[in-house]
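Asker: All chains, full assembly: derive it from the sequences and hints.
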Amino acid sequence: MALLQLQPFLSDISLSKTPNFSQFHKLSKKPSTLLFAQQNLLKSCNQLKKNWQKLSAVAEEISAGAQDEGDQSVIQEEVIGQKETASYNWTEEWYPLYLTKNVPDDAPLGLTVFDKQVVLYRDGNGVLRCYEDRCPHRLAKLSEGQLFDGRLECLYHGWQFDGNGKCVKIPQLPTGAKIPKSACVKTYEIRDSQGVIWIWMSHKKPPNPDKLPRFEIFDRPGCQDTSTIHELPYDHSILLENLMDPAHVPISHDRTDFSVKREDAAALFFEVTERTDRGFAGQWVEK
Numbered sequence: 001m002a003l004l005q006l007q008p009f010l011s012d013i014s015l016s017k018t019p020n021f022s023q024f025h026k027l028s029k030k031p032s033t034l035l036f037a038q039q040n041l042l043k044s045c046n047q048l049k050k051n052w053q054k055l056s057a058v059a060e061e062i063s064a065g066a067q068d069e070g071d072q073s074v075i076q077e078e079v080i081g082q083k084e085t086a087s088y089n090w091t092e093e094w095y096p097l098y099l100t101k102n103v104p105d106d107a108p109l110g111l112t113v114f115d116k117q118v119v120l121y122r123d124g125n126g127v128l129r130c131y132e133d134r135c136p137h138r139l140a141k142l143s144e145g146q147l148f149d150g151r152l153e154c155l156y157h158g159w160q161f162d163g164n165g166k167c168v169k170i171p172q173l174p175t176g177a178k179i180p181k182s183a184c185v186k187t188y189e190i191r192d193s194q195g196v197i198w199i200w201m202s203h204k205k206p207p208n209p210d211k212l213p214r215f216e217i218f219d220r221p222g223c224q225d226t227s228t229i230h231e232l233p234y235d236h237s238i239l240l241e242n243l244m245d246p247a248h249v250p251i252s253h254d255r256t257d258f259s260v261k262r263e264d265a266a267a268l269f270f271e272v273t274e275r276t277d278r279g280f281a282g283q284w285v286e287k
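Letter by letter, the sequence shown follows residues 1 to 287 in the UniProt record's numbering.
Since the hints were made in silico from the structure, they are not lab data.
Accuracy of the hints is not assured; some may be wrong.
[What the hints assert, rightly or not] Lysine to any residue pairs mimicking SDA-like chemistry, simulated, CA-CA at most 25 Å apart:
| hint | residue 1 | residue 2 |
| --- | --- | --- |
| 1 | K181 | K211 |
| 2 | K116 | E144 |
| 3 | K211 | T276 |
| 4 | K204 | G158 |
| 5 | K141 | Q160 |
| 6 | K211 | R275 |
| 7 | K178 | K211 |
[Claimed, not checked] Simulated restraints, written as ranges between beta carbons of each label pair:
| hint | residue 1 | residue 2 | range |
| --- | --- | --- | --- |
| 8 | H236 | G195 | 17 to 23 Å |
| 9 | L139 | G282 | 39 to 45 Å |
| 10 | K101 | Q283 | 29 to 35 Å |
| 11 | F215 | I251 | 26 to 32 Å |
| 12 | F269 | N164 | 48 to 54 Å |
| 13 | T100 | W284 | 42 to 48 Å |
| 14 | Q224 | L268 | 25 to 31 Å |
| 15 | V285 | K166 | 51 to 57 Å |
| 16 | N164 | L268 | 37 to 43 Å |
| 17 | L212 | Q283 | 36 to 42 Å |
| 18 | Q224 | D115 | 22 to 28 Å |
| 19 | G282 | I251 | 19 to 25 Å |
| 20 | L212 | H236 | 17 to 23 Å |
Given the structure is predicted, the values throughout are model-derived calculations rather than measurements.
Just so you know, even glycine gets a beta-carbon here, dropped at the ideal spot from N, CA and C.
Answerer: Below you can see the structure in the form of structure tokens.
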């Protein structure tokens, strides 16, 4: 609405009368022509100033009108939202990494969280470990290495790392030489909860256990785990957008299930039930 009201004033702003400054050298030989050009430039600047004053006045009027009409909460919500967005750190969250039952016992597993590559494996005691997926030596992928006595070995030069990311063996190191601290690999905190491995992406703040998602349905007696993993040729943003659009289901998935029929397509409305600095929750309803 604001844009439509401001647009007429924007269309009045024109610098078409502004002279080409590269021609001033030629105009300098004709004082009267130069004076005329300077006057036109001054006139354009004055007009621009007036139009800007009009824009400011209209913007203030629209803002005041919105508050008078009861839209103040929306404006405050936008301001709060901007503040939350500015202070939000995506690394300070738990993200589902893999299903516990699908992690191999005898090999490392390379995975990606957003643009971060990590490697997941079980050490000699069966404890799950997670590193940054690159050797600190020559940046080779540790997920392409192998396990020796519960230690993860890089496939390039055979450097070995324990569960805490400490380098414990460098085959090429002279006898008696100490392994430098810089040879350690960056680790990630993970938790195994309800059959899902969650990863905490921040290295600046310790994991917050209160943020670890927990689903009541999985704790119910007799709950049967039918979870599985499918690799799809697109990233999380496309999948999220698809899952938040149930209106496509009756059409795109017609008859894929006995309850899905294209003739059941109807108008849907989203009701927000919760809104926090971490996101929102709600449900789709028919009206």
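Asker: Next, verify each hint and record whether it holds.
Answerer: Structure-based check of all given hints:
Between the alpha carbons of K181 and K211 the distance comes to roughly 32 Å, so the proposed pair goes past 25 Å and is violated. For the hint linking K116 to E144, the alpha-carbon distance of about 16 Å falls within 25 Å, and the restraint holds. Of the pairs offered as hints, the one joining K211 and T276 holds, with about 13 Å between alpha carbons and a cut-off of 25 Å not exceeded. Between K204 and G158 the CA atoms are separated by roughly 30 Å; this puts the pair beyond 25 Å, and the hint is violated.
For a cut-off of 25 Å, the pair hint linking K141 to Q160 stands: about 13 Å separates their Cα positions. Restraint check: the Cα-Cα separation between K211 and R275 comes to about 15 Å, which is no more than 25 Å; the hinted pair holds. Restraint check for K178 and K211: not satisfied, since their Cα atoms lie roughly 40 Å apart, outside the 25 Å limit. Between H236 and G195 the CB atoms are about 20 Å apart, so this pair conforms to the stated range of 17 to 23 Å.
Checked against the hint of 39 to 45 Å, the C-beta distance between L139 and G282 comes to roughly 43 Å, which is consistent with it. Separated by about 30 Å at the C-beta atoms, K101 and Q283 satisfy the suggested range of 29 to 35 Å. Our hint of 26 to 32 Å for F215 and I251 holds, since their Cβ atoms are close to 29 Å apart. Evaluation of the 48 to 54 Å hint for F269 and N164 yields a pass: the beta carbon distance comes to about 51 Å.
Judged by the Cβ atoms, the range 42 to 48 Å given for T100 and W284 is violated: they are separated by roughly 31 Å. Range check, Q224 to L268: about 30 Å between beta-carbon atoms, so the 25 to 31 Å window is met. Between V285 and K166 the CB atoms are about 54 Å apart, so this pair conforms to the stated range of 51 to 57 Å. Evaluation of the 37 to 43 Å hint for N164 and L268 yields a failure: the beta carbon distance comes to about 50 Å.
The given range of 36 to 42 Å is broken by L212 and Q283, whose C-beta atoms sit roughly 23 Å from each other. Checked against the hint of 22 to 28 Å, the pair Q224 and D115 fails, with Cβ atoms roughly 36 Å apart. For G282 and I251, the hinted distance range of 19 to 25 Å is satisfied, since their beta carbons lie about 22 Å from each other. Range check, L212 to H236: Cβ separation about 19 Å, and the 17 to 23 Å hint holds.
In summary, the structure is inconsistent with hints 1, 4, 7, 13, 16, 17, 18 from the numbered list given earlier, while agreeing with the others.
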